[in-house]
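Chemist: Sequence:
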Amino acid sequence: MHRFNKAVGFFFAHAGLAGVLISAGIAQETSEPKQTLFTNVHVFDGVNEQRIENASVLVEGNLIKTVSTGTIDAPDAEVIDGGGRTLTPGFIETHAHLMLMGPSLPLMESNTTWEDFGIHGTRMAEMYLMQGFTTVRDAGGGNGGLRRAIDASKIPGPRYYPSAAFLGTRGGHADFANFTAPPGSETNFSRLNMAQEVDSVADVQKYGRNNFRMGATQLKYMQSGGVVSAFDPWQLLAGSKAEIEAAVQVANEYGSYVMAHSYRKEAILNALEAGVKSIEHGFSFDCEIAEIMNEKGAFITTNLTAFDPGLLDIPAVASVPSSLAKAKSASATFAGYIDNMRKCPVKRGFQTDCVGSVEACNIQIAYEKHLNNDFFGAYTSMVTLTSTGGEIVALSGDFMNPYLEGKLGVIEEGAYADILLIDGNPLEDFSVVGTGDQWFGADPRPESPETIRLIMKDGEIFKNTLN
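Residue 375 in the working numbering sits at position 375 of the sequence shown, and the numbers go up by one each step.
Don't read these hints as lab results, they were simulated from the structure. All of these numbers come straight from a predicted model, not from anything done at the bench. Each hint should be verified, as a subset may be incorrect.
If you anchor each label on the Cβ, the simulated ranges turn out as follows [said to hold, decoys possible]:
1. 329 with 200: 50 to 56 Å
2. 447 with 374: 20 to 26 Å
3. 200 with 328: 54 to 60 Å
4. 414 with 73: 34 to 40 Å
5. 116 with 200: 28 to 34 Å
6. 191 with 151: 37 to 43 Å
7. 148 with 84: 35 to 41 Å
8. 40 with 405: 26 to 32 Å
9. 84 with 111: 47 to 53 Å
10. 48 with 292: 38 to 44 Å
11. 447 with 202: 42 to 48 Å
In silico EDC-like links for lysine to aspartate or glutamate, alpha-carbon gap of 20 Å or less [stated by the list, open to error]:
12. 241 with 273
13. 265 with 253
14. 34 with 60
15. 463 with 443
16. 34 with 76
17. 206 with 186
Yeah, the Cβ is synthetic: ideal placement off N, Cα and C, and Gly gets one too.
Take the sequences, apply the hints, and build the full model.
Modeler: Have a look at this one:
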């Protein structure tokens, strides 16, 4: 009987503790989420050319609850006086390579370990966030591990949409193997699922499905060649119709989409016909392509540094005769892009496409911002940096999109609380978003632009220099 009483006492004592824990859990679940109230701001909502003047924005948890020009009643909110600054959506980079540190593809293939890639990716993630980018779509080389670390708050970084391994044919733009490597041989990039050689429908299906298994949110197919790569003329039409359609088929299985590295007009048209939704680079863009893209609801992302007058003087181009010859040929062919995009605009995402050191990519991002404004003006550039990017990453669908609670790239009720507070008005003086008017030879950029005074991602403040 004594042992029975002790057992009963033990049971009730622990039952009482369990009750306390359950009650605490219920209290935590039912407690009101944190609120942040931005007052005295002018809102660029990511879509409209006119700002919402003298507004307030209430954030609740990780979402925007209210946008109003009237008084918002939120007595428990942390109040941030914007001081008449511009409140914008966080910027969205739609074509980055956070894992590729350079200085060249052969060196990354032969002399780089997973630790090197991981450390570089970690530093790149933080750099992008501090430059105002709260979302990044990685266009090849990064798997799901970086996103897991960011989303678990182990490292600071933007929302991350990786493509996992580049998919491309032998001798194409995803072929990073050493010159004497036989077809199908294992490489540093293939071991780490950063690039895979696909030379049949079966290959595309196998490695495409493996990419989604490794955390990809979309697939990246290398359809054209490049300029600084070793084996591929930029005019290359890589992959058969059936192989490109196989990539689209696999993406459709996962409710997602394919982005295609496409230079030539024929490549772009082949990709669109196959069902590709995002044309990368697309330097041969013209009004015929624009009409088809608009019909199919497709997007384009273009690194405008390709039209920089000093492109032929870049060391990686100028010092390699084959690359210099390719660059000269490509520049002549792509000369109509800017005029065609102005005349027949389509939905275009911001693209930097930097492969190199964190410091070099910081400079290139600022210069890419500058070129957007120089070629297309402040309003178009702001839309490119925000709402269009949000539409692009949302193409990953209901299954593979890791961020489904709200919209990205806009300031509206129910959208994610990814917010910047910027000195001045970027629609009148675009430099306040953190531009740089020089690429190679530019001085190092600051860790974060001084004019971007506050950076919030998912309702959490990562930078605040207002006080």
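Chemist: Going through the earlier hints one by one, which of them does the structure break, listed in rising order?
Modeler: The structure breaks hints 1, 3, 4, 6, 10, 13 and 15; every other hint is satisfied.
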